[in-house]
Amino acid sequence: MRIVLTGNHAVAYAAFLSRVEVVAAYPITPQTQIVEKLAEFIEGGRLKARYIRVESEHSAMAAIIGASAAGARTFTATASHGLTYMNEMVFWAGNARLPIVMAIVCRALAPPWNIWTEHTDILAQRDTGWIQFFCEDNQEVLDTVIQAFKIAEDNRVLLPVMVGLDAFILSHTATPIDIPEQEDIDRFLPPRKPLPFILDVNNPLTHSNMTYPDQTMEFRYRLQKAMERARRVIVEVDEEYGKLTGRRYGGLLDCYKCEDADLGVIVMGSSAGDAKEAVDKLRDEGYKPGVVRIRVFRPFPKEELKEVCRRFKVIAVIDRDLSPGLGGILYAETLTSLYDLRNRPIVQNCIAGLGGRDIRVEDFKLVIKELYRGVEENIEIPPIKWIGIGDV
Amino acid sequence: MEAILETPLSKPSEGSAGITGYWRTFKPVINRSKCMKCLLCWIYCPEGTVIRINDDVDINYTYCKGCGICANECPAKAIDMVSEE
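For the record, the sequence lines run as chains X and P. Residue numbers for the first sequence, in the working numbering: 1 to 392. Residue numbers for the second sequence, in the working numbering: 393 to 477.
Keep in mind that the hints were calculated from the coordinates and are not lab data. For every residue, glycine included, the Cβ atom is placed at its ideal position computed from N, Cα and C. Take these hints with a grain of salt, some might be off.
[Stated by the list, open to error] Some chain P residues judged to face chain X by a derived CB distance under 7 Å, without partners named: (1) M393; (2) T399; (3) P400; (4) K403; (5) S405; (6) E406; (7) I435; (8) P438.
[What the hints assert, rightly or not] DEER-style ranges, computed between Cβ atoms: (9) P:P400 / X:L326: 16 to 22 Å; (10) P:F418 / X:P213: 16 to 22 Å; (11) P:C430 / X:K225: 51 to 57 Å; (12) P:S405 / X:E88: 25 to 31 Å; (13) P:S425 / X:D127: 41 to 47 Å; (14) P:F418 / X:L335: 55 to 61 Å.
The following block holds chain P by itself, in its conformation from the complex (with noise of 0.2 Å):
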């Protein structure tokens, strides 16, 4: 007898576990006059929802759960985490 798959596989794949960005309470707003372009809090993101654009970031709010490490880790202090309405 072959093995047969009994238990469940999954690909990565973008938001497969739903639309995470509704869980938020906080926002993490990026000060664009602050920011200095070290890329720390793309490096830091948990959730892979800081996304680099060539060396600048910015956030997928659709996925960001808001967790706020991004803000905690940031050297500049450019990322404001604001309460959701």
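Next up, chain X with everything else stripped away, as it sits in the complex (with noise of 0.2 Å):
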């Protein structure tokens, strides 16, 4: 079935065909349309599943942790502050290794006030445990949601899953979606399997309950682990969703054009979209780019991105998102992962698009012909470059 969808309906229509059995969200600013559209699947009947509004998304959070724990198949939703808000417990999810979806609409942070997309606040959270997706479009949402939860699920991983869309570029724009067959989905995503405990009133216990210095350690080594086997079953996911829908993402990285490519774009999100419009305008000049999409910030594809890297000469690291003090997040990220290649390409990094700016096709288009300039005439490269800054 083939339907026209924004962003937001396309996360609810992906956790409606998982057959979510609990959904807690509070439902005002910033909440999105996500959680409006699964209240209305199951106050219609349609979605068998309980509805918990709560008085806080730190309280969404806890609310669905304590399902997740008691086994039920777990979804909430949020964005920009009500994800910082929520922050205490999104550590809290992962690690107690619970395979909870959540879909967060990657927003900017106040102040000053801004609504618009940016990666910062989904970005802000690496490090809580929690395996991170960023989607390029509606139609890879809807499929990236269902596929969080069989990763999440998967007893090699068994961790919470976060799906970043960028907000209004893809939350609030409508576009024609595929919708697979729900005994499609019911056969690719059977019912969630018990956890290794059970969590009974009549037979007490505590989960994830206080351990002492000599015993914290190994928990958390559990944890990198598990993100270490998610990797391969991220891959293994995306083949077997690519089998039933004729739909592959890459599994980690989204490579386009790669192959004989000298200068590679490294891109998160939505504008990658531009970044490949880039790349072909480009090509039909002469010059020889492709566009790296990363698809999961968490586990880091090191490997896969030092493999694609290469081939490459220089390498432009588009940053929709800032650590103030040091620069781009994912600019970072891609240093660490390309540091022991024998011939590291030069590597530059944009911060653009923040706040909700247009990075424009004319835009990477521009950063690309200067960093070719920059490589044929011998010029020293600037580090780090704002895409399209007024006076400051």
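Make one complex out of these two single chains by using the hints.
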């Protein structure tokens, strides 16, 4: 079935198809239509689930943690300040290894007050023990939410998953989307398997209780190992989903025209589409750039990125985020991944599109052309550049 | 692959957090002449260290942290908080 859906409704349909059992959400701003649509599904009796209205995002995640530990398939969604308010409980879910799925509409954090897209909110959660996805379009949003449940609940993983979609560009823009058949998704995603413990009021126990310094490190080590195993599971699930629907997203990395490329643009989220268009146009002019879209930020695809970047002379890392005092967050991760390459490419960090500013095809073309010129004419390439910034 | 337990679990048991009586600076002492045996201290104690014996109460000083909630809630002012030496 093909219907026109916004990114927000695509998320809700994906949760519906995944047969979520418990949804908890705080309904006031910065909440989105994601949970409104789910409330509609549940209220109308189409989705057999429990909807818990809570008094804050912090409580939403707390409720979801309880439901997930009790064995339910759980879902919630938030954005920007809602996510930062939830922060304490986000760590709780990750460290407790609960297979929760949460959609994040990626938005800037105030002040100045701004409700448009930026990745700083979700990237600030990168150390919480959650798997993190970034989507390019609304079809991928729907497909990734369904995949996320399968990955999270895999016994090799047992980690929560965040699916990020860019505010407004994806969340509020309607595009035609292919909705898979329910019976296909039921086969792909069977009911959740029980955890190796049961929460039972008649036989009480505490999950994720206090541990002492002589025990705690081992739990962190196991979390790290689960993240490492997740790389492979993500690729497998993407492949299995591809067999079912014909849609594959490259697992951890989506590489566009990289086979013969000598310059790479590394990017996340919706602006990858514009980067690809710029690459097509420049290829018509005789250049050979490619695009590497980071689909999964945690676990970071270190080895895979290193492998594809081996062939580039020069790289532009586009950061729609800022770690003040450092620069781009994706840039720092990229440099870490490339450090042990024998012939490291030159890497430029482009800070772009903060607070929802457009990153145009022309902007990508300009960045790429200037990098080519820098290499050809042996001009020093500035390590950091702010795209489209006005007088400051 | 079966799910493997990779997170901590604990069963409730007496004193699972150690001998918390050492934490006390003030010790609740029941004044038997004032006590009305209303059992509010037993209800309010967050640590279960006020023990109910039929209709009477006693305090388990091995685990009582000395928070003073029992003294605060007692309507007969029958619990004195006495400084530990």
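Hints, one by one, checked against the model:
1. Proximity of M393 of chain P to chain X holds as hinted, the smallest CB-CB distance being about 5 Å (cut-off 7 Å).
2. About 5 Å separates the beta-carbon of T399 of chain P from the nearest beta-carbon of chain X, less than 7 Å, and the hint is met.
3. For P400 of chain P, the suggested interface contact is upheld, since its CB lies about 5 Å from the closest CB of chain X, less than 7 Å.
4. Taking 7 Å as the C-beta contact cut-off toward chain X, the hint placing K403 of chain P at the interface holds, the least distance being around 5 Å.
5. Checking S405 of chain P against chain X: minimum C-beta separation of about 11 Å lies over 7 Å; hint violated.
6. For E406 of chain P, the interface hint is violated, since its Cβ never comes within 7 Å of a Cβ in chain X; the closest pair sits about 14 Å apart.
7. Checking I435 of chain P against chain X by beta carbon gives a least distance of about 20 Å; that is not within 7 Å, so the hint is violated.
8. Hint status for P438 of chain P: violated, given a least beta-carbon distance of 16 Å to chain X, over 7 Å.
9. Distance hint for P400 of chain P and L326 of chain X: a CB-CB separation of about 34 Å, inconsistent with the stated range 16 to 22 Å.
10. Under the hint 16 to 22 Å, the C-beta atoms of F418 of chain P and P213 of chain X, about 30 Å apart, miss the expected range.
11. Between C430 of chain P and K225 of chain X, the C-beta spacing of about 55 Å keeps the proposed range 51 to 57 Å intact.
12. As the Cβ distance of S405 of chain P to E88 of chain X is approximately 28 Å, the hint placing it in 25 to 31 Å holds.
13. A hinted range of 41 to 47 Å is violated for the C-beta pair S425 of chain P and D127 of chain X, which are about 58 Å apart.
14. Here the CB-CB span from F418 of chain P to L335 of chain X is close to 56 Å, well matched to the stated 55 to 61 Å.
Violated hints for the displayed structure, listed by number in ascending order: 5, 6, 7, 8, 9, 10 and 13.
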